[in-house]
Amino acid sequence: MGFAGNPEPSFVFPTVIATHGSSSSGSSGGKSTLSTPNRSGAGVPPPVASKPGHLASKRGIDDLDFFIGDEAIANSKTYALHYPIKHGMVDNWDHMERFWGQSIFKYLRAEPEDHYVLLRRERGLFEENPKTLFERTRMVSNAEAAVDLDTRRDGLCMGTEPPLNPPENRENTAEIMFESFNIQGLYIAVQAVLALAASWTSSKVTERNLTGVVIDSGDGVTHTIPVADGYVIGSSIKHIPIAGRNITEFVLNLLRDRGEQANIPSEDQLRVAERIKEDYTYVCQDIVKEIRKYDTDPYKYFARFAGEHSVTGRKYDIDIGYERFLAPEIFFNPEIYSSDFLTPLPEVVDNVIQTSPIDVRRGLYKNIVLSGGSTMFKDFGRRLQRDIKHIVDGRIANSEQASGNHMRSTGVDVNVVTHKRQRYAVWYGGSLMASTPEFYNVAHTKEQYEEYGPSLVRRFSVFGSSS
Amino acid sequence: MIQLENHNVIIQNVLTERFVKPGRVDINFVDYDNVRFHLSTPTSKTQLVLSMGIQCWRDLAKYGVNDMLESEYGEWLIRDGPEKEQEYDVSLMIDLEKIPEDEASRASFIYHLSMLKPMILSAPFRRAYETHKQLAAAHSPETSSAEEKQGDMMIIHYREEEAFVIQSSWDRITVYISTAFKEETDRVFGRVFLQEFVDARRLSNLQSAPQVLYTTREPPLELRGVPGLKKSDDMGYVTFVLFPRHFANEDIAKGSILQILTFRNYLHYHLKASKSYMHSRMRIRVHTFGQILNRAKPEVQAVERRTATGRTFRSR
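The listed protein sequences correspond, in order, to chains P and Y.
First residue of the first sequence: 133, per my numbering; consecutive thereafter.
First residue of the second sequence: -8, per my numbering; consecutive thereafter.
To be clear, the hints were calculated from the coordinates, so they are not data collected in a lab.
Just so you know, not all the hints are guaranteed correct.
Stated by the list, open to error - Taking lysine-lysine and the DSSO-like style, the derived pairs with C-alpha atoms no more than 30 Å apart in a straight line are:
no., chain 1, residue 1, chain 2, residue 2
1, P, 552, P, 510
2, P, 238, Y, 124
3, Y, 53, Y, 75
4, P, 521, P, 510
5, P, 238, P, 432
6, P, 447, Y, 12
7, Y, 89, Y, 245
8, P, 238, Y, 245
9, Y, 124, Y, 36
10, P, 510, P, 498
11, P, 510, Y, 12
12, Y, 173, Y, 222
13, P, 238, Y, 173
14, Y, 12, Y, 89
15, P, 510, P, 432
16, P, 370, P, 510
17, Y, 12, P, 552
18, Y, 36, P, 238
19, Y, 75, Y, 89
20, Y, 36, P, 552
21, P, 447, P, 498
22, Y, 36, P, 510
Stated by the list, open to error - Some chain P residues judged to face chain Y by a derived CB distance under 7 Å, without partners named:
no., residue
23, 237
24, 239
25, 314
As the list claims (entries may be wrong) - Restraint-style ranges between C-beta atoms, simulated for each label pair:
no., chain 1, residue 1, chain 2, residue 2, range
26, Y, 36, P, 487, 20 to 28 Å
27, P, 412, Y, 38, 30 to 38 Å
28, P, 212, Y, 38, 39 to 47 Å
29, Y, 36, P, 526, 44 to 52 Å
30, Y, 92, P, 587, 35 to 43 Å
31, Y, 4, P, 406, 20 to 28 Å
32, Y, 162, P, 197, 44 to 52 Å
33, P, 152, Y, 286, 28 to 36 Å
34, Y, 194, P, 197, 15 to 23 Å
35, P, 417, Y, 99, 46 to 54 Å
36, Y, 78, P, 491, 46 to 54 Å
37, Y, 4, P, 212, 51 to 59 Å
From the three backbone atoms N, C-alpha and C, an ideal C-beta is built for every residue, glycine too.
Based on the sequences and whatever the hints tell you, model everything.
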């Protein structure tokens, strides 16, 4: 989370909250009744925290005794850790509300309420990103100098949601934001759209449109989301169960196969694998050639990694070989990692586009945008573009042949956009959009909320579709 | 987290990072009370410029904030001139080649910088201490009348509709803080909280705390003549009476200043937190009611059913 207009988020920490005492028993007890349909207004019944047992805790301040983010993990010995977001959906609204509260007051230090300021308006706008368990929460808050005297709407708040978020979740979010934090305006954006907006920074992008396929790869899962003019084509979204964590695991497997693992202390293994993944890997253009290259001249291509034991400080070093290019290869040849999922990423992207409405397909091929940390590999975009192009050209050739060579295609442009802000693309897109004046027109204001209630956020107005 | 922290976390984080590894930065961020910060490297990677804009700068300037800056940040301060950033009130230039070398003093230096906002806001308090000392020294019970014993009222409009007023006298310093509650619910909670502050002082272990008074709607009598204070339902006024023991030495004085400075945000933070707590209680209640409703299903009665000829069904 951070403030809009900045290139990078000020804080990045996992959505985790450490509370005192175990409330896990209460929430698991609540789960069993979830299967019965519940017609109460809030939609999903919340897995509740345990009841404050004795009278003393009712008068106390136990509910303030918690940590969030990295501090929570540091205190995990004495506190119980909870992840309020599960599989991309907010699961425990109590924790989420407290998490938001502390994020605003302790880290951003911004008043969520409006303040009528002369000559300047200040907006706190935060963006929340419930995606996967280890997904990071991002908050954007904006304090930008305004030239006009208009201070009508301050304290705008902005949230993002994963694709296919149920509208009840949006309503709950709106309720918390408006009721507890008195924010002045809220906009809930779809992550994919923000990722598209972030790609406008790339020099390759000439026109600012909101049509394209977003490949968002985080730690847990990779989504491919087609977006047409700012609207997500929900029926064509595909999830790929290969993402950052799998790559780390695969690196570890490869190290084990080559016997390098023996040199790494067991408690550091995951960390070392992560470092290797982040610092040494790249995507090769031809896997067979690459292996041959490594075999003929290993000294030139093998890298050395010097590590230090995190506890004893003992030094060790290991060789990094084939995993340098094999690790990201699991996106393109998933069979080398596991037999659970066998469709390569280029094929999935092609499928996604082919299942989209026919009149947007050209636009989708033209603008394939990468977002998230696991798309940061060197040459990832180039390889993806080549493979997709290959598939598309093959199909065109086939159909030309099928028509008896009477029809000639003009060819389809395939373009994969990579840019510098990929890692925090969603955050950056939010930061970008929030600093436009247009943001004030599309955000839902407090007056509107009071008029219509939380169902307001079901209505959706698209950002920047005209531009 | 019961108390809010005094320092700004972003300044601390960014500086800690940049001190180790210099690099370009250009970030805007905020702090409570409409304070804006801008941290940038306009010329070179080793020269960080930290600028701060605060709404009540003109008020503060009257009460000696410049002297305070000179003494606390003199080495780093950018005086008025072309180098100073426009639109901001204070600019500090941090030269990475001049910062302390060892870990501990570096950390304390960073902490000192991240305390920029509370430091600036504490300027009028320091002046109040000075005035108090003079008044206390000049005081003799027989001669002086009540009017002479009072120092000037220092009014700081730290937010648009809210202000704090400091007045020193020969035996005490009085701080009046006004705060606005925007929401109906907040107002109710706020009243309870303020009452709680008054009541809490009756506890035996809190006897040495400063006296706290509060009024809602109308400012306290002492402030009737002060311009710019609003009279409406959503205003609350809190008065702290500091006795000499609350600013007996440097550390205690600093502590009480910081506590008072964060008071307003502290109050609002706790309003939000108690609303969150209420919400979680409500969710529990809704959940238990839901369970009761789910249990209350009409039971299917096992009536024996016969055909017209009187034969019964066999249930398998």
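Problem - Hint check against the structure, violated hint numbers in rising order - result: Hints 2, 5, 9, 21, 26, 30, 32 and 37 contradicted; others consistent.
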